[in-house]
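J.: Turn these sequences into a full structure, and let the hints guide you.
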Amino acid sequence: MTLKPARMFSEVITHLFKKPFTSKYPFEKAKVTPRFRGRIDFDSGKCIGCQMCVRVCPSKAIEIPLSEVQFAAPQTPEGQPAAPARKQYDCIMKLGSCVYCWQCAETCPKHALITTQDFELAQLTPEKLVRHYK
Amino acid sequence: MNTDSLLTSMVYLVVFPGFLFLTVYGLFLQWVDRKLCAVMQNRMGPPWFQPAADLIKLLVKETIIPDACDTAMFKALPYFAIAAIISALMLIPLWKADSLFPAFQGNMVVVVYLLTIPTVTFFLAGWSSTSPYSTIGSMRVLTQLFAYEVPLMLSLIGPAILAGSWNLSEISAFFTEHPGHMAAQLIGFLVAILALQGKLERMPFDIPHAKNEIVGGQFTEYSGRLLGYFNLAVDMELVVGAALLSAVFLGGAWGLSGAAGLALFLAKTLAVTFLLALLKVLMARIRIEQMVNFCWKILAPAAMAQILIDIIIKSKLQL
Amino acid sequence: MSKITIPLGPQHPALKEPENFMLVLEGEQIENATINLGYNHRGMEKAAEERTFLQNLYLIERVCGICSHSHTTCYVTNVEEAAKAEVPERALAIRTLIGELERVHSHLLWIGVAGYEMGFETLFMYTWRDREQVLDCLEMLSGNRVHYSINTIGGVRRDVTAEQKVEVLKRIGNLEERTQYYIKVALEEPTIRARTANVGKLPYEVAIERGAVGPTTRASGVKRDVRKDDPYLLYDKLDFSLITHDTCDVFGRLVVRALELVESYKLIRQILNYLPEGPIAVKVPPRIAPAEVLNRYEAPRGEDIHYLKTNGTDKPERLKVRAPTLANLQSVAYMLEGGWLADVPLVIAAIDPCMSCTDRAIVYDRKTDKKQVYDWEDLRKLGIEAYKRKGVDFRKL
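Line order of the protein sequences matches chains A, B and C.
Here the first sequence is numbered in my numbering, starting from 326 and rising by one per residue.
Here the second sequence is numbered in my numbering, starting from 846 and rising by one per residue.
Here the third sequence is numbered in my numbering, starting from 1362 and rising by one per residue.
If you're looking for bench data, these hints aren't it; they were derived computationally from the structure.
Incorrect hints may appear among the rest.
[Unchecked claim] List of simulated lysine-lysine pairs, DSS-like, C-alpha gap at most 27 Å:
1. A:K349 x B:K902
2. C:K1445 x C:K1584
3. A:K371 x A:K385
4. A:K343 x A:K354
5. A:K435 x C:K1644
6. C:K1584 x C:K1598
7. B:K880 x A:K343
8. C:K1377 x A:K343
9. A:K349 x C:K1377
[Claimed, not checked] Computed far set for chain A versus chain C, every beta-carbon distance over 12 Å:
10. V357
11. E388
12. S392
13. E393
14. Q400
15. P402
16. A407
17. P409
18. K412
19. Q413
20. E445
21. R456
Here the structure is a predicted model, which is why all the values come from computation and not from measurement.
The beta carbon of each residue, even a glycine, is placed where N, CA and C say it ideally should be.
T.: Structural data, given as structure tokens:
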């Protein structure tokens, strides 16, 4: 092929009249698609404490301990055996360890882990990266 | 410039058009160059205060000097570079037909030689640093000097022959009177632009401080204040080089003076900067032996051709 | 001119990942080059033995950022073969689609990096701007721009909808125009030709003898591509050609990668047209019967080999990864000798190095000529003894 010096000339000159491709983040919002894998949220009402999410997590980022405040036992009518109280669980998520693979959300049988598109999660101290969902 | 008034001379040297003007205008031209390159590459580029911020940041940082180097030379070199460049600017006609220092025959050659001094300081900077990367960088500076210096000088001789004098002010006055002959200098102008790109060590000729290959080249061991002044010297060299080219090829001040002359000077140096930025964006960096080949086999013969054209035109003029 | 020894790396502006090249220079010419690796060793294979197969999927993905899908797919194919699971064809098609999109991403990135190492910043900026279109496709299909995690054991996790198909085809159309422009620039621009022609020469016999893989070897005329030699996923049903070039230098590698981009666009269109109906995953039991499996995959950089040994529990017994860059590095030492210092970044970049993939550890005792693989207890004892020799006793700390 013949060599043409300054081959990119026309392209370079036309770019003098175009808008820059850079998006001015953080002054402009970043565009993410609807199913971008962001932070996981927790619905305590649905969780049954089966710990399957803890077993599947590749980086040990999630813990499901018992809550400090538990439900009282439901009222039972006379003569019936006492029904056990529904247990309440918290979720401690270490955002620094999480790899945002969403395997826990897919494995949860009760859909207690809710997916979001949140990714602006930086903090100045590592303690703030541990989120305690109640 | 009257030497009977020491105050006036000091003002010329330090404030305008000496150190302060060169600093401000040099930083402005660096911003223009970076912004133009960025826009041509479809991105945003830095804000207007970026070169000044870079300079201030470097000036307040700690200077680290390696143990094995020659400390006195290491520390003194940036100041020599700046001094040579300011002296060169005094000899070029800027905003009026005459330069600040009274013009004399041969001041074009003196300007080119004064502009060689910064390159020698780059070489010595790399050599006195004694680290492997700096040594290679300084060898490349010298090899590059042997490559572009001859085409640069030859391309400036063409207009000098046509104007019939070695005095920059007379050359620009000649082209102001006969603007048609400026178009005949096109080949010489292109050769001079490429040779200037080599002198300023910009792409495609930024071989001595090639970031990817030898980290910083001759400037690898420099940091803090000294690096800030070296960067400032490079920016000032851009101003002086553009001023030299606009005085020789673009007719100098075109008979104007004062504020109008200053505006014309700024416009012409901005035009030369645009051409240099265009060259920077269009090409990849070539190797040092390819550069020597290119300069000796293509640029020097082109400059000789331009000299031939000028001799023919001059003989036709006199007939 | 006397000889100087320059250390290139581990920190150097030309290298994206740490590795060390000791170059013996005479003037600007390289007389001798020695390669030292190991700065990026993270103990992935050891870590894989302590995690279940599902957790390992995400670990193996993070062996490399840019060939992450290659590593996952190879691993998951191993696990499914050991478990004797039948993966539905739609899942195979989606895996192939993401694999080809990853190849487009990697090659566009490489053209930019080659431009940067040559000093051609404009090409770098333009190709990385166009790469954003591929990243948008990948984010839309899989949920992330790097580390797609589209695989799961038994199939894939997400399906491709009709709107996504239209979007992907639109972007591929844009990219095809831009790629044709870049091919023309690469062939016609004199400074690119000046920097890449006759640089890093690797003749045909040396390429075969040193076991080079991927575009590095295809630029020397060797017809070696796992997609044709040993077809996996859907490649035996798709129509594409094997690109080789005969100049054996960096220019050839540039041309091979650019033309492979065009082939990948053809492949993506074929897969999107072919997408068969059906489920996207099957259930695979967590415990897998004892087996030994080996699989290969054509990553953007070359041939990626994974070996897996299972023992009936839900954790693997042994996992071994052989990344393509390890095979290509043997040729770099040959290519560097006799060349110029200015060409070193370009030659290294031309094999598309991915040091994160490469570093593995094997202990070879030269005196007794014995090879040994260490397990946890041995490693721990070795560490404690090494520090005792330096004078640090951990029991006293």
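J.: If you test the structure against every hint from before, which numbers come out violated?
T.: Hints 2, 8, 10 are the ones this structure does not satisfy, whereas the remaining hints hold.
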